[in-house]
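In order, the protein sequence lines correspond to chains A and B.
Start counting the first sequence at 1; every next residue gets the next number (the working numbering).
Start counting the second sequence at 1; every next residue gets the next number (the working numbering).
The set of hints was computed from the structure by calculation and includes no laboratory data.
Keep in mind that a hint or two might mislead.
[To be verified] Okay, derived cross-link-like pairs now, BS3-like style, lysine-lysine, Cα gap no bigger than 25 angstroms in a straight line:
{"#": "1", "chain 1": "A", "residue 1": "Lys64", "chain 2": "A", "residue 2": "Lys3"}
{"#": "2", "chain 1": "A", "residue 1": "Lys113", "chain 2": "A", "residue 2": "Lys64"}
{"#": "3", "chain 1": "A", "residue 1": "Lys133", "chain 2": "A", "residue 2": "Lys167"}
{"#": "4", "chain 1": "B", "residue 1": "Lys249", "chain 2": "B", "residue 2": "Lys70"}
{"#": "5", "chain 1": "A", "residue 1": "Lys64", "chain 2": "B", "residue 2": "Lys221"}
{"#": "6", "chain 1": "A", "residue 1": "Lys133", "chain 2": "B", "residue 2": "Lys105"}
{"#": "7", "chain 1": "B", "residue 1": "Lys105", "chain 2": "B", "residue 2": "Lys20"}
{"#": "8", "chain 1": "B", "residue 1": "Lys249", "chain 2": "A", "residue 2": "Lys133"}
{"#": "9", "chain 1": "A", "residue 1": "Lys177", "chain 2": "A", "residue 2": "Lys133"}
[As the list claims (entries may be wrong)] What the simulated footprint calls covered on chain A by chain B, stretch by stretch (three residues with Cβ under 8 angstroms from a Cβ of chain B suffice, anywhere in the stretch; the number is not a length):
{"#": "10", "region": "70-78"}
{"#": "11", "region": "85-92"}
Since the structure is predicted, the reported quantities are computational estimates derived from the model, not experimental observations.
Cβ atoms here follow ideal geometry from the backbone N, Cα and C, with glycine treated the same way.
One-letter residues, chain by chain:
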Amino acid sequence: MIKTQGLAKRFGDVLAVDNLSLDVNEGEVFGLLGPNGAGKTTTVRLLTCLIAPAAGEAWVNGHKVGEENTAIRQSVGILTESPGLYERLNAQQNLALYAKLYGVDDVAGQVQKYLGMLGLWERRTEPVGGFSKGMKQKLTIARALIHEPRVLFLDEPTSALDPEAAKLVRDFILEVKGEGRTIFLCTHNLDEADRLCDRIAVMRQHIIQVDTPARLRQSLYGRKVVLQLQEINQAVLSAVRELPFVHQIQEEDRRLIVSMDDPEAQNPILVRRVVEAGGAIQFVTEQRHSLEEVYFTLMHEEAQETKQ
Amino acid sequence: MNTRLWAIMEKEWLEMRGNKMVLITMVLIPILLVGMVLGTTFFMQRMPESEVTGDNAPPIPPQLRNLDPKTAFIIMMNDQYMFYFMLIPMTLPVYMAAYSIIGEKETKSLEPLLATPIATWELLTGKSIAAVTPAVALTWLSFAVMAAGARLIATDAIFLALVRPVWLAGMAVLSPLFACLSVLSGVIASSRMNDPRAAQQLTGIFVVPVIALSLAVLAGKIFVDVQIVLYSAMVLVMVNLLVLYFAVKLFQRETILTRWKGI
């Protein structure tokens with residue numbers, strides 16, 4: 001649905017995006033993570049034909065960036081970092097303007113559909129200037145969807161929103177995903193990326209790593225199972241060490257952290273062996289690394305490589 | 001009409017309607033000018049001829065010499081005001097034009113707008129027509145009010161001088177074209193500058209040649225008749241199209257979005 005090959009963009013002496021290559025599949029939520037100045041917004045602007053690439057190629061919805069810009073603009077929706085609504089106009093007028101700009105046939109019907117869906121229909125005649133941040137953000141989402149685009153670019157959709165409004169926006173993103181649209185999400189919110197994205201890319205000018213959040217965790221940390229016991233004794237430790245699939249054991253207080261490749265298949269064997277060795281198991285859980293840890297590890301590795 | 005062009009015009013008018021200060025200032029100048037024409041005519045007609053003409057009065061041009069000096073002098077005064085009438089559509093929309101692009105950038109509405117399939121010419125033309133139309137409509141309306149008032153209070157000679165063909169042609173054709181030129185220049189300034197005040201001042205400069213032209217006509221240096229008005233209109237149409245072409249060429253989407261950091 002979205003494909004880039006060696007995409008680059010420079011502003012004067014600043015290299016904003018360098019050799020960016022990625023593939024986004026139809027119907028997936030693809031998250032782009034990176035620090036400020038990593039080139040996330042520039043990437044969105046390149047892919048929505050707001051700015052032109054200095055090098056490389058990109059295709060969105062089958063249309064080539066730089067050659068079929070109008071077709072791309074027609075087929076994508078964008079939620080920019082700032083709402084950019086017309087504050088003197090009411091919600092209905094704001095949406096109707098964009099419906100007309102996108103050449104929507106049933107302007108009134110589409111406006112009613114999205115205002116209703118986002119709970120703004122009752123407030124449709126009020127000037128947008130009096131709306132809360134959350135309401136404005138809902139309206140900008142409606143604006144991005146008013147022409148039913150197949151690809152949606154969301155640049156920091158929940159930044160500056162209170163938790164309730166942010167949840168509402170996240171739930172709506174999941175609803176939109178359920179309709180089979182492709183969503184390209186730029187965010188600083190790692191927890192949000194973890195919950196919403198099928199795959200994520202960590203970038204700093206170029207792509208550092210792309211994968212599903214789960215596989216990124218696995219590739220960096222492997223999989224670990226935590227056994228909490230009433231007491232850890234030598235017999236239990238020896239029994240676990242003898243298991244052929246166990247790579248490593250860490251002992252923390254009354255917890256055993258066991259590294260292995262396939263906990264789904266190997267956990268029952270591990271548990272049986274511990275019980276046979278006299279261990280009294282209280283809890284068995286998988287140790288989950290947060291996406292934040294993954295992110296910082298990747299950024300740290302990238303910084304080390306750059307130094308070298 | 002092109003749907004996107006119309007959508008932009010509609011949006012601009014809705015925004016204008018919501019900005020009461022802009023509406024008040026737009027209405028104020030035409031009202032003042034109508035008052036000045038009618039007031040001058042009303043009071044000067046009632047003044048003794050010696051006070052009206054005086055010792056320092058300018059010479060009466062040949063085409064008015066068949067009239068009595070007081071009537072001729074009132075017509076000369078009103079002719080000056082008529083030039084101001086023609087300047088109204090040039091000056092009223094200057095603020096809107098100067099603010100057209102910078103304003104969108106300030107409110108951060110330009111990026112989502114440019115992300116739609118709208119073409120640059122549609123955006124600029126829509127904004128220009130939206131700015132010119134109310135100014136021209138107000139000018140024509142105030143001219144009609146002024147003419148109706150003059151019919152009631154002025155002598156036949158003074159009234160007929162106010163609505164003579166050269167003024168009617170100028171008001172109908174030249175005035176909107178000058179307004180388009182002024183607004184397009186304002187839109188160019190707005191898309192190249194990042195301060196609305198600077199753009200407004202630059203746009204104001206375009207009024208100066210028209211004022212100079214009006215002074216030359218009043219001083220009898222240039223004679224204007226209907227034919228010259230119509231020829232001038234044709235030239236202005238070409239100039240407007242040329243300015244629109246340059247406005248589109250000079251509108252750098254990328255530069256506006258990425259380099260106006262101050263806004």
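- Give me the numbers of the hints this structure contradicts, sorted from smallest to largest. When the structure is compared with the hints, numbers 2, 4, 5, 8 turn out to be violated.
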